[in-house]
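For reference, the chains in residue letters:
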Amino acid sequence: MLFKFLPNEFNFFDLFDKQVDYALSAATCFKELASKGAIDEGSLEKIGDIEHQGDEVAHEIFEHLNKTFITPFDREDIHALAKEIDDITDMINTIVSRLKIYNVVSVDKNLIQFASVIEESVRAVACAVKGLRSAKNFQSIQESCVEINRLENVGDKMRDVMLADLFDNMKDPITLIKLKEIYQDAETVLDVCEDVTHVVGAILLKQA
Amino acid sequence: MLFKFLPNEFNFFDLFDKQVDYALSAATCFKELASKGAIDEGSLEKIGDIEHQGDEVAHEIFEHLNKTFITPFDREDIHALAKEIDDITDMINTIVSRLKIYNVVSVDKNLIQFASVIEESVRAVACAVKGLRSAKNFQSIQESCVEINRLENVGDKMRDVMLADLFDNMKDPITLIKLKEIYQDAETVLDVCEDVTHVVGAILLKQA
Amino acid sequence: MLFKFLPNEFNFFDLFDKQVDYALSAATCFKELASKGAIDEGSLEKIGDIEHQGDEVAHEIFEHLNKTFITPFDREDIHALAKEIDDITDMINTIVSRLKIYNVVSVDKNLIQFASVIEESVRAVACAVKGLRSAKNFQSIQESCVEINRLENVGDKMRDVMLADLFDNMKDPITLIKLKEIYQDAETVLDVCEDVTHVVGAILLKQA
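Residue numbers (this note's numbering), protein chains in the order written: chain A, 158 to 365; chain B, 158 to 365; chain C, 158 to 365.
Honestly, the hints are just simulated from the structure, not real lab data. Computed from a predicted structure; not experimentally measured. Hints are supplied without guarantee of correctness; some may be wrong.
It does not matter which identical chain is used: a pair holds within one copy or between any two.
Below, simulated DSS-like cross-link-like pairs (lysine-lysine); rule was C-alpha separation at most 25 Å, straight line [stated by the list, open to error]:
no. : residue 1 : residue 2
1   : 240       : 203
2   : 287       : 175
3   : 314       : 203
4   : 193       : 224
5   : 266       : 203
6   : 203       : 193
7   : 224       : 293
8   : 328       : 257
9   : 287       : 363
10  : 193       : 257
11  : 224       : 337
All chains should be built: construct the whole structure from the sequences, respecting the hints.
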């Protein structure tokens, strides 16, 4: 009765494509910025804009989800997917803000390494999510998910080595506090990418 | 079949009203306490009691939710709403406990500022949640949600300025650790208030 | 009684038993390790293996959940239960990794105390979860849940006392950073155990 007046189908795939492109832009922007070791106002604003636009797409997805009766896959999976892609962009923006707030201006080799792994992982996330349009992409989606999981393990080990080194050698506690938080945040981005593979895995299984 | 034996309607609104009043009491108590800059045993106990009572209402909501067949809006939304209002009270209680544990006794101007924004935001949360009883409050609920979102942005910027200042000027790392965590927690309260607007927004959309 | 009427397409109980046994192994391993105050490579590897095996059982549960039409209790409760038992094992593994990364090698009386409470709590979690097979365990499940809640309160107070003591007496900020994080993580394990009681409570209520 209620549903009669609601649009009963909606193309969520176009919005997911847009959302995941924003996440990838954020990752690329972060990679460039890390290699320059300088947080200029321009990049800060750019990544803030990307985050804002990504946020709007997420809200569009949530709105359509609440108004749409027939969805391409389970509502909870659509919600979780939009939430987690949003978290990727958010977290990258958070790291860049912290670099500014903590006044970390020199090039940090560890951060360059992390930014590069993050960009690879978000690129694989984009492949997996964009593949969801069609069952024929099953194989390539699975390959992307394996790659994302591999990169999460790589990131885990990177963070552990970096933290052990930091606690061994950094004598200034305030610098230690800054870098510790930034490395942990960087690893969190890879965790969120892995969370995406869980949702994607659930979607594939249910369609199998 | 099973449902025949279950109470099939229950007035969740009364419980939400009670729960959100506890959240507001906690916010008001925190504001008073911040302006005094002293955590006496009395206020500590008072806020602990409020948290405990709020917790009991949350549990009552969860219990009724599991036993009730017909709910005024989606079960998942009722669950999320109760969880997030509970998180507001919890988080305020956590901040006050930390002030005690970290032995932060002097008046901190930043904290007074945060406590004031938090109280404003929780007041708007109370308006939004209490409005859910009737469709005629649609307009005022939306205004409250806009206000909560505005205050979250205010809090975000406040925290960033305070942290930048802290990292620029605080030379004692242990004091820095304490205040950094407290400012971040304070901002988290505003994030949780914003989470409430997402649930409220979903409820409004579904009823539209 | 209820379970009798459901054609159990898949026996989730066996997997939950396995999963909760891994959580308990992790807790026991952590307790031994804390009392030795030495993180040798052997225990580190052992707890890593347990975490990995627990992870695989969690994934098995998620996969079966996505493929099984009729489940012994609500799908969301099965998902939440598997997620939270996994979080217990994960968090214990995280603490042990941190001890290694932060090079915390001496025996810490606080950690021994925490490890002992954690093991008690995870043992009660195991009782509660294993009891879910049959309605006749209702009473003993409830007793386990009460015990888990009691231990969470104990842990809360323990952490507060330990942190207050740390901030009062520890003059080395880097050691303070390490121990603060480890005590907070230890308390988080007890929080996750308490989260299990919420899911278990919901399951019991729905079957009542």
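Hints versus structure:
1. Taking the shortest alpha-carbon separations for residue 240 and residue 203, only the intra-copy value of 22 Å comes in at or below 25 Å, while the best inter-copy value is 35 Å.
2. In this assembly of identical chains, the alpha carbons of residue 287 and residue 175 lie at most 25 Å apart only when taken from the same copy (10 Å versus 36 Å across copies).
3. In this homomeric assembly, residue 314 and residue 203 come within 25 Å of each other (Cα to Cα) only across copies, at 17 Å, whereas the closest approach inside a single copy is 30 Å.
4. Proximity of residue 193 and residue 224 under a CA criterion of 25 Å is satisfied in neither setting, with 45 Å inside one chain copy and 48 Å between copies.
5. In this homomeric assembly, residue 266 and residue 203 come within 25 Å of each other (Cα to Cα) only inside a single copy, at 23 Å, whereas the closest approach across copies is 32 Å.
6. For the identical chains of this complex, residue 203 and residue 193 are intra-copy neighbours only, at 15 Å inside a copy versus 41 Å across copies, given an alpha-carbon limit of 25 Å.
7. Taking the shortest alpha-carbon separations for residue 224 and residue 293, only the inter-copy value of 20 Å comes in at or below 25 Å, while the best intra-copy value is 29 Å.
8. Taking CA atoms no more than 25 Å apart as the test, residue 328 paired with residue 257 passes in both settings, with 22 Å inside one copy and 19 Å between copies.
9. Taking the shortest alpha-carbon separations for residue 287 and residue 363, only the intra-copy value of 18 Å comes in at or below 25 Å, while the best inter-copy value is 28 Å.
10. Proximity of residue 193 to residue 257 under the C-alpha cut-off of 25 Å is restricted to the intra-copy arrangement: shortest distance 13 Å within a copy versus 33 Å between copies.
11. For the identical chains of this complex, residue 224 and residue 337 are neighbours neither inside a copy (43 Å) nor across copies (41 Å), given an alpha-carbon limit of 25 Å.
Hint check: violations occur at hints 4 and 11; the rest are consistent with the structure.
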